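Visitor: The chain contents come next:
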Amino acid sequence: MSDPHPLMTLQRWMQSVITNPRGISAGIDNAAARQWIDVASDDVEQVIGRSQKRTSIERLQVYGNAYFARLVECMREQFPALCETLGQELFDGFALDYLDKRPSTSYTLSRLADRFVPHLETTRPAAESAAPGWADFLIDLASFEWSVAQTFDAPGTEQSGVITPDDLAQVSPDDWPQTRLIAAPCLRLHAYRFPVNAYFSDFRAGRPLSIPPAAATWLALSRREYIVRRIPLDESEFLLLQSLLAGQSVGAAIEAAAEQSADFDAFARNLPHWFQRFAGEGFFTKLVKP
Amino acid sequence: MTAARLGHQNLGLGVGLRSVHFGHILQHWPAVDWFEIISENYIDTQGRPRYVLDQIAERYPLVMHGVSLSIGSTDPLDFEYLAKLKRLAGEIDARWISDHLCWTGVAGRNSHDLLPIPYNEESLAHVVARIKTVQEFLERPLVLEDPSSYVTFAASTMTEWEFLSAMANEADCGLLLDVNNVYVSGVNHDFDPAEYVRGVPHERIVQFHLAGHTNMGDYCIDTHDAAVIDPVWRLYQLAHELTGGASTLLEWDANIPPFDVMHAEVLKARGHITAQGGESPEPITTKSADAPAPHPLHFVTPEIE
Ligand SMILES: [Fe+2]
Numbered sequence: 032m033s034d035p036h037p038l039m040t041l042q043r044w045m046q047s048v049i050t051n052p053r054g055i056s057a058g059i060d061n062a063a064a065r066q067w068i069d070v071a072s073d074d075v076e077q078v079i080g081r082s083q084k085r086t087s088i089e090r091l092q093v094y095g096n097a098y099f100a101r102l103v104e105c106m107r108e109q110f111p112a113l114c115e116t117l118g119q120e121l122f123d124g125f126a127l128d129y130l131d132k133r134p135s136t137s138y139t140l141s142r143l144a145d146r147f148v149p150h151l152e153t154t155r156p157a158a159e160s161a162a163p164g165w166a167d168f169l170i171d172l173a174s175f176e177w178s179v180a181q182t183f184d185a186p187g188t189e190q191s192g193v194i195t196p197d198d199l200a201q202v203s204p205d206d207w208p209q210t211r212l213i214a215a216p217c218l219r220l221h222a223y224r225f226p227v228n229a230y231f232s233d234f235r236a237g238r239p240l241s242i243p244p245a246a247a248t249w250l251a252l253s254r255r256e257y258i259v260r261r262i263p264l265d266e267s268e269f270l271l272l273q274s275l276l277a278g279q280s281v282g283a284a285i286e287a288a289a290e291q292s293a294d295f296d297a298f299a300r301n302l303p304h305w306f307q308r309f310a311g312e313g314f315f316t317k318l319v320k321p
Numbered sequence: 207m208t209a210a211r212l213g214h215q216n217l218g219l220g221v222g223l224r225s226v227h228f229g230h231i232l233q234h235w236p237a238v239d240w241f242e243i244i245s246e247n248y249i250d251t252q253g254r255p256r257y258v259l260d261q262i263a264e265r266y267p268l269v270m271h272g273v274s275l276s277i278g279s280t281d282p283l284d285f286e287y288l289a290k291l292k293r294l295a296g297e298i299d300a301r302w303i304s305d306h307l308c309w310t311g312v313a314g315r316n317s318h319d320l321l322p323i324p325y326n327e328e329s330l331a332h333v334v335a336r337i338k339t340v341q342e343f344l345e346r347p348l349v350l351e352d353p354s355s356y357v358t359f360a361a362s363t364m365t366e367w368e369f370l371s372a373m374a375n376e377a378d379c380g381l382l383l384d385v386n387n388v389y390v391s392g393v394n395h396d397f398d399p400a401e402y403v404r405g406v407p408h409e410r411i412v413q414f415h416l417a418g419h420t421n422m423g424d425y426c427i428d429t430h431d432a433a434v435i436d437p438v439w440r441l442y443q444l445a446h447e448l449t450g451g452a453s454t455l456l457e458w459d460a461n462i463p464p465f466d467v468m469h470a471e472v473l474k475a476r477g478h479i480t481a482q483g484g485e486s487p488e489p490i491t492t493k494s495a496d497a498p499a500p501h502p503l504h505f506v507t508p509e510i511e
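So the sequence lines, in the order shown, correspond to chains W and V. To convert, count from 1 in the first sequence and add 31; that's my numbering. To convert, count from 1 in the second sequence and add 206; that's my numbering.
These are computed hints drawn from the structure, not numbers from a lab. Since this is a predicted model, take the numbers as computed values, not measurements. For each residue, glycine too, the CB sits at the ideal point set by N, CA and C. There may be inaccurate statements among the hints.
[As the list claims (entries may be wrong)] Pairwise CB distance ranges (calculated): (1) W/R81 - V/L473: 38 to 44 Å; (2) V/A237 - W/P239: 55 to 61 Å; (3) W/R53 - V/D281: 24 to 30 Å.
Go ahead and model the full structure; you've got the sequences and the hints to work with.
Guide: Set out below in structure tokens:
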């Protein structure tokens, strides 16, 4: 019986062949390809022509090489600090495993790494103790680098403008607790098990790198003038912002953060300064008074 | 009768817009005739690439060139993607929208490569029907480029130029003739590139591409990482004569030189179309086990403070 969809069959066969990590011949002989076109690698000229100088296998190899080379290079560019930390060979191994297990389904390369952090989380070695280990550091670092790219392309405040510290100062004390602050659409809060932001600064400055000891850190990623900004936070600031971003009023957010704060006096002392700092960083786009 | 260039203007000599040149362009507003963008690098971002593009759109004619349409695929067309193309084209007043005669993946996957299709009646009918659907959706003719390729199919029953001609005439679309791709594929598939250039419908050629490639000895890889070589300039000259001229664009995607060097490269086209003049480097032959990747590799790295 003749194939009713020869083009579809050919495409499924060719994709299976050129994306096989064990190479073209193995790909042709693999069951995944043979379910579409049942041809052995020795007979592949029945499908792919040879040229005067090159065999069909050699010709297909160009696509096989390019597939992995192109996508691994893209991953290296998206995770430069992780690549430097692991060394290129090891990083490429992680990237190849990811591309093999979770191949791209998006029309854009900027979504290529979207499932990389979840992939690392599911394939990580079992933890040796309750304390965060090197695998957690690598996952934190990958997560940080991925988040930076999301912030770069996110909707920003460059055109819409932001609430300034002066705008905040003009809210009457009576209105303040009931006021809501609308966050910039590019603002994201992150909690890490390792000081990845400081580590990334070392990487950027070309300083020698070594995996730091575990220490909880908090970070805001935002954008100004189209450049991604990294703003380290302490735990109280993080909790306060988290409540504000969740839509709570200033008063309710302060209350929630104060409850979880270890040093209440310091919290109360720093509070006015924090709001000024947040506004100075352009974290808010709108004030909604009661 | 079909109007020359499907009625499109000859925009002159342009270069591909690359993010490494953003700073230079915003500072100097160089006297380049027009820019071509990689559509995928702008349809989703709301950050700096789009901000820069909007400023460039105010000063230069722009053309959108995509790598993800996958017109030859047997997967369904991606209308969400097409809607994004259409929207951006309206916002930046793109003169036309182009992509490649290829497929990029199947079964929901994307190889991010420009893969060739067999040239026969079945694939012709398939591609023509899809071009018509896309043109109806975009409300404008599509412009499709000849891909550089590295394999041929036993199932092919016609040459690439015969296929392109039938496709363009039946679907009533435009062509982007990449003369470097014609040269690369000619080496890889043992055909005469001049016969190819003579064989396509010249009035449908809206645009030319020029680029450099890597000669591996017994085949060529379309790397877009170097200057244009003499045999490619000669093909360009021939194509220019046959078409009466069309918008010409230089692509450079790896080892991207400073903007002025890239611009100077495309300006050499003047010498090649006015006289025998012009100069270009000797072809460099690489023989290496570590073959470079062909384009397209289009990933914009984020800028961080
Ligand atoms: Fe091209």
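Visitor: Now tell me if each hint is right for this structure.
Guide: Quick rundown of the hints versus the structure:
For W/R81 and V/L473, the Cβ-Cβ distance of about 40 Å falls inside the hinted range of 38 to 44 Å, so the restraint holds. Against the hinted window of 55 to 61 Å, the Cβ-Cβ separation of V/A237 and W/P239 comes to about 46 Å, which falls outside the hint. Evaluation of the 24 to 30 Å hint for W/R53 and V/D281 yields a pass: the beta carbon distance comes to about 25 Å.
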